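For the record, the sequence lines run as chains A and B. Last residue of the first sequence: 391 in the working numbering, with the numbers rising by one and none dropped. Last residue of the second sequence: 391 in the working numbering, with the numbers rising by one and none dropped.
The hints are simulated quantities; they were obtained by calculation from the structure and are not laboratory data. What you are looking at is a predicted structure, and each value in this text was computed from that prediction instead of being measured. Glycine is no exception: its CB is placed at the ideal position from the N, C-alpha and C atoms. Keep in mind that a hint or two might mislead.
Where chain B lies over chain A, by a calculated footprint (3+ residues, C-beta under 8 Å) [claimed, not checked]: (1) 27 to 37; (2) 95 to 101; (3) 120 to 126; (4) 291 to 300.
2 protein chains.
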Amino acid sequence: MNLRDLDTPALILDRTRLQANAKTMTDHINRLGANLRPHMKTAKSVEVAHIATQGNTGGITVSTLKEAEYFNAAGMSDITYAVGMAPGKIGRANALVAAGADLTVITDNLIVAQAIAQEGRGLNVLIEIDCGDKRGGMLASDAAVIKIARELAAAPGVLFRGVLTHAGHSYDCRTTDELADMAEHERAVAVAAAERIVAAGIDCPVVSVGSTPTARFARNLAGVTEVRAGVYMFADLFQAGIGACTKDVMAISVLATVIGHRPDLDGGKLLIDAGGLSLSKDRSTAALDTDCGYGLLADAHSGALIPGIAVTAVNQEHGHVTAPGGGTIPYDRLAVGSLVRIYVNHVCMTAAAYGAYHVVDGEGGDIVETWERCNGW
Amino acid sequence: MNLRDLDTPALILDRTRLQANAKTMTDHINRLGANLRPHMKTAKSVEVAHIATQGNTGGITVSTLKEAEYFNAAGMSDITYAVGMAPGKIGRANALVAAGADLTVITDNLIVAQAIAQEGRGLNVLIEIDCGDKRGGMLASDAAVIKIARELAAAPGVLFRGVLTHAGHSYDCRTTDELADMAEHERAVAVAAAERIVAAGIDCPVVSVGSTPTARFARNLAGVTEVRAGVYMFADLFQAGIGACTKDVMAISVLATVIGHRPDLDGGKLLIDAGGLSLSKDRSTAALDTDCGYGLLADAHSGALIPGIAVTAVNQEHGHVTAPGGGTIPYDRLAVGSLVRIYVNHVCMTAAAYGAYHVVDGEGGDIVETWERCNGW
Numbered sequence: 015m016n017l018r019d020l021d022t023p024a025l026i027l028d029r030t031r032l033q034a035n036a037k038t039m040t041d042h043i044n045r046l047g048a049n050l051r052p053h054m055k056t057a058k059s060v061e062v063a064h065i066a067t068q069g070n071t072g073g074i075t076v077s078t079l080k081e082a083e084y085f086n087a088a089g090m091s092d093i094t095y096a097v098g099m100a101p102g103k104i105g106r107a108n109a110l111v112a113a114g115a116d117l118t119v120i121t122d123n124l125i126v127a128q129a130i131a132q133e134g135r136g137l138n139v140l141i142e143i144d145c146g147d148k149r150g151g152m153l154a155s156d157a158a159v160i161k162i163a164r165e166l167a168a169a170p171g172v173l174f175r176g177v178l179t180h181a182g183h184s185y186d187c188r189t190t191d192e193l194a195d196m197a198e199h200e201r202a203v204a205v206a207a208a209e210r211i212v213a214a215g216i217d218c219p220v221v222s223v224g225s226t227p228t229a230r231f232a233r234n235l236a237g238v239t240e241v242r243a244g245v246y247m248f249a250d251l252f253q254a255g256i257g258a259c260t261k262d263v264m265a266i267s268v269l270a271t272v273i274g275h276r277p278d279l280d281g282g283k284l285l286i287d288a289g290g291l292s293l294s295k296d297r298s299t300a301a302l303d304t305d306c307g308y309g310l311l312a313d314a315h316s317g318a319l320i321p322g323i324a325v326t327a328v329n330q331e332h333g334h335v336t337a338p339g340g341g342t343i344p345y346d347r348l349a350v351g352s353l354v355r356i357y358v359n360h361v362c363m364t365a366a367a368y369g370a371y372h373v374v375d376g377e378g379g380d381i382v383e384t385w386e387r388c389n390g391w
Numbered sequence: 015m016n017l018r019d020l021d022t023p024a025l026i027l028d029r030t031r032l033q034a035n036a037k038t039m040t041d042h043i044n045r046l047g048a049n050l051r052p053h054m055k056t057a058k059s060v061e062v063a064h065i066a067t068q069g070n071t072g073g074i075t076v077s078t079l080k081e082a083e084y085f086n087a088a089g090m091s092d093i094t095y096a097v098g099m100a101p102g103k104i105g106r107a108n109a110l111v112a113a114g115a116d117l118t119v120i121t122d123n124l125i126v127a128q129a130i131a132q133e134g135r136g137l138n139v140l141i142e143i144d145c146g147d148k149r150g151g152m153l154a155s156d157a158a159v160i161k162i163a164r165e166l167a168a169a170p171g172v173l174f175r176g177v178l179t180h181a182g183h184s185y186d187c188r189t190t191d192e193l194a195d196m197a198e199h200e201r202a203v204a205v206a207a208a209e210r211i212v213a214a215g216i217d218c219p220v221v222s223v224g225s226t227p228t229a230r231f232a233r234n235l236a237g238v239t240e241v242r243a244g245v246y247m248f249a250d251l252f253q254a255g256i257g258a259c260t261k262d263v264m265a266i267s268v269l270a271t272v273i274g275h276r277p278d279l280d281g282g283k284l285l286i287d288a289g290g291l292s293l294s295k296d297r298s299t300a301a302l303d304t305d306c307g308y309g310l311l312a313d314a315h316s317g318a319l320i321p322g323i324a325v326t327a328v329n330q331e332h333g334h335v336t337a338p339g340g341g342t343i344p345y346d347r348l349a350v351g352s353l354v355r356i357y358v359n360h361v362c363m364t365a366a367a368y369g370a371y372h373v374v375d376g377e378g379g380d381i382v383e384t385w386e387r388c389n390g391w
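Start from the sequences, fold in the hints, and give me the full structure.
Next up, the structure:
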């Protein structure tokens, strides 16, 4: 089977690039003395998880309890659910433990911690620390950190394990020096929180940090036990735009068909059958110097970028391709009916529209495998 | 079963509002002498289609061949696939006809028309006309319109049926007068194209127009045989923002759980477990006077809006709720663990993240049915 046999739009995964990206990050984190706990929120695939955990201890991070259930059922049982726990989800988490999962949950809230302490059955718990992202988490200096740690450590049904932070604001960095500084800040805040807990006489064996940009540019992980990152496996135009990767490592693209030519319009336009649903409405590169619209086009078979054109507007099932710099649209190369691939701004958003990956190995376009995804909640 | 028994995030559909929205549009189009062919691209559900086709002839519009296959298998066989046909999709369309579908496809391209004429087996075909949207379509005055109509009319295996246009640029209108003018323009262009074809001696029994805003504000449909519209069934914040509906008819919302409070941050913040994947990254209301962020919050059980707060940022599984006008965040009402509903910018994008609708009837929160959706391609 080849790309040309697929119905479009379809999600294409280049396994060769995925394997190289996974190895680069694993080697880097291991060299710094920490363990990589790959975040499966982007991949949502057991086959990808097997590649991403090679060379690590096998533990993974997830963003939904559905992912946790899916990976546990596939035998990957060491799981951290890295979204703030809600009291109403404790029963579902307990059921995962009963089904064999070594599940870790997180909280930043005394009332939730008390509910976990009371209702949790075999859950590991981390306290979420805010290192400046201003999403979830407590400040490392907050007196309530010790109070929550103490409540959890004293609860007979759960195991207090440590702290977790996420430098999501690394996505605001624009240079690799800024990213390296952010990685050091993320490390220092997490370690400081852990040291306060230890100083209060409470064991704190886990110090978990992570985001793809900080993981990539961390120079020192002293005191950190594990690093969580996910999008590095696939990379995307936003990661390339902030310097966290190069464009030639992007492993995910959308296969589309050219469905129309509009040379009669001012500047010209080409239409493809990949629109807002198949590419996502994410416009994260709009904040960068290198605005890539809704995605950049590439040769369907080689995956090599086609310069000068981009998907600059979308409707639900239409992508509008123009030459934003005023160049020429290659109508001859992209005849109506021909295939094209699109690299996207934010692969986590795009991949979620698809039930499966069609896997290729580098150039040529032969589909070597099909891997299912675990979408939804 | 009640809302409080659902895992969050979850997609909620208010059937009472859906039924009222469907009836309002059907009555309006019938009063103007045309038939409504509801567009199922938003709903992707047989149960919704049964409600939307009540009072009409039963024909529907779809945005993917997968939808066509799904609806045809459910006995709704009169289907117009309203995205420009690609040569590579003719086989799949023929298979639908072989499976009993009365399928109509569209084209704006001579090469595609020739492929359809040659390879089509029982397909109905419309020529797509551009009435100013600058997406797909030929200008009504284009000499090639007659050439394509003639090729298709002469082909033994297919049936040339007429013209189709879509005033997608009605989404740029900001007043109901502008929308009424746009509806008249859409009508006039489609009718002019049909008249040219008839003048060339070719039958043109179908004149198809539509978009939710123009359908809603059309005052005259003389010469039009059918109107396509879809999002009117559900409505959303963008439709309300351009005056195509009021906010109290919105029938779709996302049920979420409050997972964090951050009164320590400047201005305060509340976190919910509905982020970019569950709400979508659509920011269409940013272009309007009434920017609604990624969505507005409502009481979980009644569906009534909670004034003053909005989802102003999202990560993959986190929604950040702030008070953009500088007001107070009702932390007491929205305690950690409590449920809340979110109305969204663009319901077509949001609904696609979910496999099913949880159906309520007005206030109270009892789940009366669960309806599956047909996502993907």
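Structure-based check of all given hints:
Given a C-beta distance limit of less than 8 Å, the hint that chain B covers the stretch 27 to 37 of chain A is violated, as 0 residues qualify and 3 are needed. Counting residues of the stretch 95 to 101 of chain A whose beta carbon lies closer than 8 Å to any beta carbon of chain B gives 5, which meets the minimum of three for the stated coverage. Given as covered by chain B, the stretch 120 to 126 of chain A passes the check, having 4 residues with a CB less than 8 Å from a CB of that chain where 3 are the minimum. By the rule of at least three residues with a Cβ nearer than 8 Å to a Cβ of chain B, the coverage given for the stretch 291 to 300 of chain A holds, with 6 such residues.
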